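Residue numbers (the numbering used here), protein chains in the order written: chain P, 1 to 432; chain D, 1 to 432; chain W, 1 to 432; chain G, 1 to 432.
It should be emphasised that the hints constitute simulated quantities derived from the structure, not laboratory data. Please note that a few of the clues may not be correct.
Keeping only pairs whose Cα atoms sit at most 27 Å apart, straight-line, the calculated DSSO-like set for lysine-lysine is [unchecked claim]:
1) 315(P) - 315(D)
2) 163(D) - 9(D)
3) 423(G) - 163(G)
4) 163(W) - 423(W)
5) 56(G) - 82(G)
6) 315(G) - 315(W)
Computed from a prediction, not measured in an experiment: that's the story for all the values here.
4 protein chains.
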Amino acid sequence: MIDWEAIEKEAIRIRRDLHTYPESGWLEFRTTSVAASMLESLGYEVRTGLEVIEPKSVMGRAPQDVIERNIARAVEQGADPKWIERMDGYTGALGILDTGRPGPTVAFRFDIDCVDVAETQDPDHRPRKEGFASVNPGWMHACGHDAHTAMGLMLARVLMEEKDELCGKVLIIFQPAEEGVRGAPAMVDRGILLDVDALVAIHIGGGIPSGTVTTGCHGFLCTTKFDVTYTGVSTHAAGSPQEGRNALLAAATAALNLHAIAPHSDGRTRINVGVLTAGTGRNVIPGFAYMKAETRGDNDDVAAYVYDRAMAVVKGSAEVYGVRCEVVRTGAAISADSNFVLREIIRDALQGIPGITNLQMDGDALGSDDATWMMRAVQDRGGVATYMRLGSHTGVGHHNDHFDVDEATLVTGVRCLEAIVRKGARFLDRKG
Amino acid sequence: MIDWEAIEKEAIRIRRDLHTYPESGWLEFRTTSVAASMLESLGYEVRTGLEVIEPKSVMGRAPQDVIERNIARAVEQGADPKWIERMDGYTGALGILDTGRPGPTVAFRFDIDCVDVAETQDPDHRPRKEGFASVNPGWMHACGHDAHTAMGLMLARVLMEEKDELCGKVLIIFQPAEEGVRGAPAMVDRGILLDVDALVAIHIGGGIPSGTVTTGCHGFLCTTKFDVTYTGVSTHAAGSPQEGRNALLAAATAALNLHAIAPHSDGRTRINVGVLTAGTGRNVIPGFAYMKAETRGDNDDVAAYVYDRAMAVVKGSAEVYGVRCEVVRTGAAISADSNFVLREIIRDALQGIPGITNLQMDGDALGSDDATWMMRAVQDRGGVATYMRLGSHTGVGHHNDHFDVDEATLVTGVRCLEAIVRKGARFLDRKG
Amino acid sequence: MIDWEAIEKEAIRIRRDLHTYPESGWLEFRTTSVAASMLESLGYEVRTGLEVIEPKSVMGRAPQDVIERNIARAVEQGADPKWIERMDGYTGALGILDTGRPGPTVAFRFDIDCVDVAETQDPDHRPRKEGFASVNPGWMHACGHDAHTAMGLMLARVLMEEKDELCGKVLIIFQPAEEGVRGAPAMVDRGILLDVDALVAIHIGGGIPSGTVTTGCHGFLCTTKFDVTYTGVSTHAAGSPQEGRNALLAAATAALNLHAIAPHSDGRTRINVGVLTAGTGRNVIPGFAYMKAETRGDNDDVAAYVYDRAMAVVKGSAEVYGVRCEVVRTGAAISADSNFVLREIIRDALQGIPGITNLQMDGDALGSDDATWMMRAVQDRGGVATYMRLGSHTGVGHHNDHFDVDEATLVTGVRCLEAIVRKGARFLDRKG
Amino acid sequence: MIDWEAIEKEAIRIRRDLHTYPESGWLEFRTTSVAASMLESLGYEVRTGLEVIEPKSVMGRAPQDVIERNIARAVEQGADPKWIERMDGYTGALGILDTGRPGPTVAFRFDIDCVDVAETQDPDHRPRKEGFASVNPGWMHACGHDAHTAMGLMLARVLMEEKDELCGKVLIIFQPAEEGVRGAPAMVDRGILLDVDALVAIHIGGGIPSGTVTTGCHGFLCTTKFDVTYTGVSTHAAGSPQEGRNALLAAATAALNLHAIAPHSDGRTRINVGVLTAGTGRNVIPGFAYMKAETRGDNDDVAAYVYDRAMAVVKGSAEVYGVRCEVVRTGAAISADSNFVLREIIRDALQGIPGITNLQMDGDALGSDDATWMMRAVQDRGGVATYMRLGSHTGVGHHNDHFDVDEATLVTGVRCLEAIVRKGARFLDRKG
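The shape of chain P in the complex, shown without the other chains (with noise of 0.2 Å):
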């Protein structure tokens, strides 16, 4: 019999702990440390570094001296050397557990990365004023990922637990850098979903209430993340304008058509230049240019359509100012949708888990994750998967500097877990 009392504790130990030290994407080498350990030291056979990550498939990486930097701040905020020297500067961790039973592969995705946004110092909120606010300036535990790391762990222990009563393998997947949709594709690339025959994804808060468990949800935005730099030639303003090329203006000309591309009657998009910055003196033609932007769509032929308009515009305003361009993408998530067989048997071995009051088969994807392309690539070898949402009070919305998570919600999202291997799973055998 599992001890839920001693689980939900244990699960917000660990939640605390990784709120205290949150980590940006692909810098979570402390986060993947402590999943690390805890996974080997429950007996799971344990995958990290390059392992699990294909490198050529890596989205907004940080250059190697911020790597550097950060493995250090790792160590020294507790991260084991001999995880770190396994990681090979890639983050990301999974944890087998085979059975030895025929059955069939599930797989679970827990997305380990924080949000750069500086918690608020107000003295009410209550990692702060229960001591467990973040200590990286400007990282925060702002969109519950610390919620589903330690979900992802403490499914792995009460599974270890009740490994007798089991069948087929189970995969616990703790992925690096979903902010920005940067991480899923070098684990899908590097080819640890080969086998899996179903796969649960889940997020945590979404605007839905503590007691709601959503089995499934529609609606993904494909997105693309790019960012665009424009080098052209700085010049003295007055004294010689004709010399230089504007990368400022070719930024804002982008920007401004960049908005006006035209929508698409298949389908929502949206763009956004979030960031641009340019110009280094007021009396200097500015040479430089950088904008952070995105594409999104509903699916992928509309996503297509606006990130290829996209791309026309950035080069086209270059051109305008005769400036050099340089594009490179940052992240990029998909759509995909949840089985609905899955929904089904997750509903049914949902039955009667303390917490939940209120059971829905669907719901509404909010915006873009990458964890659509773990799904789609289950689906597309005939497995199936599915994008779970887990009720939680949050108080404020998602990457604001307030957000926190009901934790009483977290055992509760154990329990779902749990009951899907245990129930569940005999369901989902393909080969039997």
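Let chain P serve as the given structure and place chains D, W and G on it in line with the hints.
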């Protein structure tokens, strides 16, 4: 002895006749016929059509159906079918007076086209009050080329009268399509200036009062006139916006960024998008846009800089919207300076001419004139050239629909030009 | 018994007559005369002109001289001067059939104007091949309103034939100026719908195949049409650029930024600058610019959002260039839904009608239609309304210069509408 | 007799000391302390802080916390706390030498601030090779103001040595914050120039070779420096775009249209948006944008024209996007001409000075300098003023991170200024 009173009367008569029947550039069929007829009747050797125009160098000429419609109109308005036939569709005329005696070849250039302005309906406007306002809708001699043509013909007459006292040769050039600087290169490239030792162009008005004559000027802006056509794809703006390629927005982007071209430290630059028309219906994404634009610069290099930048803007804007763009050069003028020696010769020749109260050696060129191509052509072969300005009270500025000239200054202009031949020619003989 | 073969023949005859003489919105003098004459000859009480139009609510009507010119043209093309006089300059007609028996008032709305498209010269285009192509240059019945008007008149005829079997009242409305959504409010505000229990509008074509009939539809976009005029100061672009106030650049700025208005999460938005004309001459800073634009939104709030943002863009752009701006609303349509109960009644009434192979309860409204004002007016007073679609093979899309309808579907349309009155009216009586 | 060799050595020593500790405008606490200390030790009456600065006229001064941090830094780098206290937060110093004999008051202006450029790490850059490269990150004397200050102090020394041979008064002004033209008005408005008969400003380098000295120059551009802040509303770009007010697009619109301001026929105009930063995150509609910009014009009217147009653009762009905008003027300079009579007096005084190989009466002012405020202030009260240029090989252009001066020219500069006092002062006495 010249009967200057008769000359004055006839100059005014001709000017008023031409004012009544203004003709836009490359469509001066009646005007050319009037000039050619009179030159012939005076005893000049007359050339017209392809004898004076190189078709490959023609810029901004209307399509064939407009040419034909205007030939018909010109005949209706009194053009001589014999001359129409000799023109072969190309306007402009050259009268040659060969004294048979050794001496220099002196050429005079008179532009003959009108501007595309509707003459005012104001009953107090003198041409209307006295019954010689334009009968050609949308066309008006609002730049004084009617006066130029009349002066040219009266110059032809007086020179023929005193032919026996003159030496060398005189060319009297009636140039089409000065407005938009479209006509001079076609005459230069046809070779009519090859033997010219001295070229004199003259312009009436220009803000200079009656009585003032300037023997030369400097500061012509180099200019290029060009039309841009963007061709995209029209589509229903609400129903299938993604299928459109918006030519209107390409043109808007181009217009803004053309005006944002950086200045040049070596001289003034100017750019103007004077006309923009795009689109067909309110609810249709515009698949078509058209712009009339021009660039100018203080000298060849500066002008080339701004034109090159303009082409980058025009083409880059097409890329931004995925539309095709076509650029047609419709006119061009270069810079040219009036030779000092010729200005001196003219100054001396003009001493004592009635009607001149203020004789200046230098003046500002206002804007651009394609006479500069002729000046440069003569100067490049070792000859001299100048651009004189003949003061004349005009009430309002050039191209204004109330424009009129002080007709008393016409005979002064003829006297000046006659004096240049009679008194100045001997100083101009390079062969002597 | 109705002779449906004769009805079909006559419907086609009328449609072809109207197709030959298309008339743009608010200029349908001949069309109104045709409709009024026939209604009167059938025995209808006929209203027209200020009896059916509230002048204050008229949008997008041409200036008086155009009105007068078109009245003359209409008379020349066969309009009856008696009806022209009754119209008093305002087109549109209403035929009233009062059975004298208690029962509901059922109204049918037919729009009568053409679109501003020149009919193709293609000799294979059937209206050209068979000799009924448009004789009015630049105007064409490319949206099927000729068919609508013909159906309305044939409906009038068959209802009058079976008048003794009917109850209540029938209104047959011939509405001007649907294109540009300019006409319906003027009829609504004149009060012609005050007593109406049920309103049926019908539209032919729309990509639906012959044989399909839709009893209602939803998804009309709210829209506002508006014209923008910018008035700045013209000046010579090279001579005194600082004295200009550039209306062309104000319009270019507005156009770009209008298209960059952010989308809305509650529904689709659309914006289009369909026409932009600015400037007079290449070397003149343009002191004048004019734009035809429209905004749309999925519902009233979304539409109001995008229109409000558009006004800010239009006015701010004027400030940027120091020019004046004037905005004229030239059309508007709202959203409206087809009542379920009416759609059901119609579905039942249409059982067994020859020519119908596919009877649907619902369909997409494509774009906007000002019939929504009439629908909402009836619904707001407790009545019901629907917008039916009558499938008809049209070869190409609406507003295309090759547009044509499948004339065999005309009689199907008349049969449907007749059946609604004969079989459905008794279910519509709210007073009963 | 002056020991010019010692003066040269000391000038170079001081210049290198200041080069090592460059200080940005309004933060020259150490530099002011160095100057004030030396002036005092030489026997000058010294004024500083609010004795020479009018706080209301200060432009572009950093906020209080930056001031305080830099006072601490300056003290750490050797500033004398006594002088720091006297400064009261405001840098700049004035040394007064009163000979006690009747005569004119001659003032010399030396600017003391550095530019915001990081000095190159190139080991071949002489200041680095010889160990006096900047130790203040991001700051560098890349415009020669270290040399100016050193010359001013050596001028103070030699004049004091020969005080008994001089008449009248000499003011030696050390002006803060010339870069960005932020400092001079505060000194003018404090009244330190009220009695001045002649003012001499001097600038080293400027593309003129060592050995050349120019006694005056003309062609200063009037300029205004200003910062623009747009404040809109941030919102999630995909989730609720309609709630945002996009400050980035407002800034982009402003930037484009600022550069599109029409030129002026009465003189050159210049405009530059040198820096633009906007937005916080890729997926957030930017609620904040900031621009550093400047306008320039050949004369007061032209400059006023372009600044007024710029303000319209800045404000109109805010309206377009419904955002607030705030404009802060951070600097300004006017035009001023060097008096002919003073240039002649200087030309005569400079005859025979060692090191001068080319003495010119006139030169081009490159760009803007706020010394013009001082020149105009003196001229407006009947005095004379000039802006001399001291040739010095600098290798690269001003503000380049490799900038260095030819130190051999420092003593030439001191000799020139000394000669002006010794030989020229008697011609400057207006009271005499």
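The hints, checked one at a time:
| no. | hint | in the structure |
| --- | --- | --- |
| 1 | 315(P) - 315(D) | holds (11 Å) |
| 2 | 163(D) - 9(D) | holds (22 Å) |
| 3 | 423(G) - 163(G) | holds (13 Å) |
| 4 | 163(W) - 423(W) | holds (13 Å) |
| 5 | 56(G) - 82(G) | holds (25 Å) |
| 6 | 315(G) - 315(W) | holds (11 Å) |
In this structure, every one of the numbered hints holds.
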